[in-house]
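There are 2 protein chains.
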Amino acid sequence: MKHDLQPWIERLRSGEPRALARAISTVENRGPESAGLLKALFPHSGKARILGMTGAPGAGKSTLVDQLAKLYRREGKTLGIIAVDPTSPYTGGAILGDRIRMQDHHADPGIYIRSMATRGSLGGLARTTADVATVLDASGRDLILIETVGVGQDEVDIVRLADITVVLLVPGMGDDVQTIKAGIMEIADIFVINKSDREGAERVEREVRAMQSLAMRTDHWSPPIVKAVASEGKGIEELAAAIASYEAYLKKENLVLKRNIQNWRERLVEMLRDAMLERARAQLGDGRAEQYAAEVAQHKRDPYTLVEEIVRKAGQ
Amino acid sequence: MKHDLQPWIERLRSGEPRALARAISTVENRGPESAGLLKALFPHSGKARILGMTGAPGAGKSTLVDQLAKLYRREGKTLGIIAVDPTSPYTGGAILGDRIRMQDHHADPGIYIRSMATRGSLGGLARTTADVATVLDASGRDLILIETVGVGQDEVDIVRLADITVVLLVPGMGDDVQTIKAGIMEIADIFVINKSDREGAERVEREVRAMQSLAMRTDHWSPPIVKAVASEGKGIEELAAAIASYEAYLKKENLVLKRNIQNWRERLVEMLRDAMLERARAQLGDGRAEQYAAEVAQHKRDPYTLVEEIVRKAGQ
Chain A
622 MKHDLQPWIE RLRSGEPRAL ARAISTVENR GPESAGLLKA LFPHSGKARI LGMTGAPGAG
682 KSTLVDQLAK LYRREGKTLG IIAVDPTSPY TGGAILGDRI RMQDHHADPG IYIRSMATRG
742 SLGGLARTTA DVATVLDASG RDLILIETVG VGQDEVDIVR LADITVVLLV PGMGDDVQTI
802 KAGIMEIADI FVINKSDREG AERVEREVRA MQSLAMRTDH WSPPIVKAVA SEGKGIEELA
862 AAIASYEAYL KKENLVLKRN IQNWRERLVE MLRDAMLERA RAQLGDGRAE QYAAEVAQHK
922 RDPYTLVEEI VRKAGQ
Chain B
622 MKHDLQPWIE RLRSGEPRAL ARAISTVENR GPESAGLLKA LFPHSGKARI LGMTGAPGAG
682 KSTLVDQLAK LYRREGKTLG IIAVDPTSPY TGGAILGDRI RMQDHHADPG IYIRSMATRG
742 SLGGLARTTA DVATVLDASG RDLILIETVG VGQDEVDIVR LADITVVLLV PGMGDDVQTI
802 KAGIMEIADI FVINKSDREG AERVEREVRA MQSLAMRTDH WSPPIVKAVA SEGKGIEELA
862 AAIASYEAYL KKENLVLKRN IQNWRERLVE MLRDAMLERA RAQLGDGRAE QYAAEVAQHK
922 RDPYTLVEEI VRKAGQ
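As they're listed, the protein sequences go chains A and B.
Just so it is clear: in the first sequence, position 219 is 840 by the working numbering, and no numbers are missing.
Just so it is clear: in the second sequence, position 55 is 676 by the working numbering, and no numbers are missing.
With the rest of the complex left out, here is chain A (with noise of 0.2 Å):
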């Protein structure tokens, strides 16, 4: 099969862009040649540096993603943009946003977009991203950006894929610092007041700093706080400065490694578990489940003797 995908591979690490939109929809969508890719586009990967963008809805990620885009591609840099919208369903709507936002950049081939919105089941959607990003970084990108709103457990599992995070705050949306899950606060390493303008930001500003005085970082860094206005352009070069800050340190420090070590840590679990409960399914088989459920719900059969039953012939 590897044999098969070599033109494929070699047309998208050349930065063809349709080989690279098919290889991210056969990753998506779990497609029969998704595994024999990622196998092989792997190896390729581990060169881009990974940007998460976090905030709540409305909080102005696109525009400041979009700005930052447009500052690193004057530097020249490529860039794979994943913006992950787990709370609106996958509609016509995200392939338009990509669309308008494509133009946007004058149908730039150094930028890549990619919406996604569909929610997996068991964590599906953090792994889906991974592995898109292992396309784009294989694909030769510079940077890739994954924006996302901080609201779940899954928006976390993301996060943590990002060498780099940073947290969109906004004021005046209430009590803004506690609209966003918690975990996502504490592996902030960069924070952006956008809408900086507004009355309120400079509370905005008390709240992360008194948070930040009661949090330790392990890694000692202490997160800037910039403020922006990103639809007007405000911020953004003050922001590419802080990344490249904490990329500076990030590497005096040898932590991207570390860090990347531990992020596999877990994903291989994560990676193991799926496999596993396929196979566990394939032995549940398709009848097989119904009357086994029915067995147990009429509490003729205990579901803890037959699951280890099942585990066991799974194991032959």
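Where hints are given, some of them may not hold.
It does not matter which identical chain is used: a pair holds within one copy or between any two.
In silico lysine to aspartate or glutamate, EDC-like type, Cα no more than 20 Å apart, as pairs [to be verified]:
(1) K934 with D729
(2) K660 with E930
(3) K934 with E823
(4) K934 with E899
(5) K660 with E891
(6) K660 with E631
(7) K934 with D895
(8) K698 with D729
(9) K855 with E911
(10) K668 with D923
(11) K873 with E828
(12) K879 with E868
(13) K848 with D625
(14) K855 with E899
(15) K879 with D923
(16) K873 with E654
(17) K698 with E899
(18) K934 with E891
(19) K934 with D625
Calculated directly from the structure, the hints in this document are not laboratory data.
Fit chain B to the given chain A structure using the hints.
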């Protein structure tokens, strides 16, 4: 092992509170006797009616459950109450809370209350709740009340255990209907508007009715809305009547078994997943997990092939 457990199981089934408490702790902590105990108890379970009660923090769940418990006690029914709150870390507070609530029931042996607040990994809380319910069920309780805050996927999973699901709403908590996870609204068999003497009760009712007009239940039951002021004991009898009426409906339509089969289909897959994951973790070993993660993080090894290899080995 089954042999050793027999006297304990008999004391438990005869209603001895200490044997029950010890069994619940064993199951909660997944002690070495946990699996044997559950296997032995399962055939004795399946007689209790399981009632799920969910609502946001502050909606008055405990008060309503306590009032309902008193009413059922007057009818001579025995109860087990499982109070699940994964948003609060497990502290002495939960235990203290149990004691206070138990005292309120004058140490009535007909009511057994257990608080659970630890959030297990990978949906562990729902499974533990199910196992504790099995123990209470096998101990001969007529009714098991599970109360939980309706905020996360864990809670949806917990509520799925119940034969009857009551969703508690209160006026004046902002966008009331929105604060509860959509999945829970959809599985509500009965709605209670608690603190219904407050302003906004009519609005909550209108919102629920509007939502109901959109959703269609496959079982054609139309969930009633009960107005209550639990702290004053108002609406409790109406709630009990609504519960009895839904029970009669379930019986008439023979829905309990159907629903249980459906639940067990999903629970068996979850139990299998957990068992497989345990096996996967064991396969990964202690030192090996770290080594694998390091190799993958350095892109010396692709995780997709690695996972396939481990699964293959686990099957040998």
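Here is what the structure says about each hint:
1. Taking the closest pair of Cα atoms, K934 and D729 never come within 20 Å of each other, the shortest separation being 54 Å inside a single copy and 47 Å across copies.
2. With identical chains, the CA atoms of K660 and E930 are at most 20 Å apart between copies only, with a shortest distance of 13 Å across copies and 33 Å within one.
3. Taking CA atoms no more than 20 Å apart as the test, K934 paired with E823 passes in neither setting, with 61 Å inside one copy and 57 Å between copies.
4. In this assembly of identical chains, the alpha carbons of K934 and E899 lie at most 20 Å apart whether taken from the same copy (14 Å) or from different copies (16 Å).
5. Within a single copy, K660 and E891 get their C-alpha atoms as close as 17 Å, which meets the 20 Å cut-off; across copies the closest is 28 Å, which misses it.
6. Taking the shortest Cα distances, K660 and E631 sit within 20 Å of each other inside one copy (14 Å), while across copies they are farther apart (55 Å).
7. In this assembly of identical chains, the alpha carbons of K934 and D895 lie at most 20 Å apart whether taken from the same copy (18 Å) or from different copies (16 Å).
8. For a Cα distance limit of 20 Å, the shortest separation of K698 from D729 inside one copy, 12 Å, qualifies, whereas the shortest one across copies, 71 Å, does not.
9. In this assembly of identical chains, the alpha carbons of K855 and E911 never lie at most 20 Å apart, being 59 Å within a copy and 43 Å across copies at closest.
10. When the C-alpha separation of K668 and D923 is checked against a cutoff of 20 Å, the pair qualifies only between copies, where the shortest distance is 15 Å, while the shortest distance within a copy is 51 Å.
11. Taking CA atoms no more than 20 Å apart as the test, K873 paired with E828 passes in neither setting, with 30 Å inside one copy and 56 Å between copies.
12. In this assembly of identical chains, K879 and E868 lie within 20 Å of each other by CA distance solely inside one copy; the values are 14 Å within and 56 Å between copies.
13. Neither within a single protomer nor between protomers do K848 and D625 lie at most 20 Å apart by alpha-carbon distance, with minima of 50 Å and 66 Å respectively.
14. When the C-alpha separation of K855 and E899 is checked against a cutoff of 20 Å, the pair qualifies neither within a copy, at 48 Å, nor between copies, at 50 Å.
15. Taking the shortest Cα distances, K879 and D923 sit within 20 Å of each other only across copies (18 Å), while inside one copy they are farther apart (44 Å).
16. Taking the shortest Cα distances, K873 and E654 never come within 20 Å of each other, neither inside one copy (39 Å) nor across copies (50 Å).
17. In this assembly of identical chains, the alpha carbons of K698 and E899 never lie at most 20 Å apart, being 39 Å within a copy and 43 Å across copies at closest.
18. Taking the closest pair of Cα atoms, K934 and E891 come within 20 Å of each other only across two copies (17 Å); inside a single copy the shortest separation is 22 Å, beyond that limit.
19. Neither within a single protomer nor between protomers do K934 and D625 lie at most 20 Å apart by alpha-carbon distance, with minima of 35 Å and 28 Å respectively.
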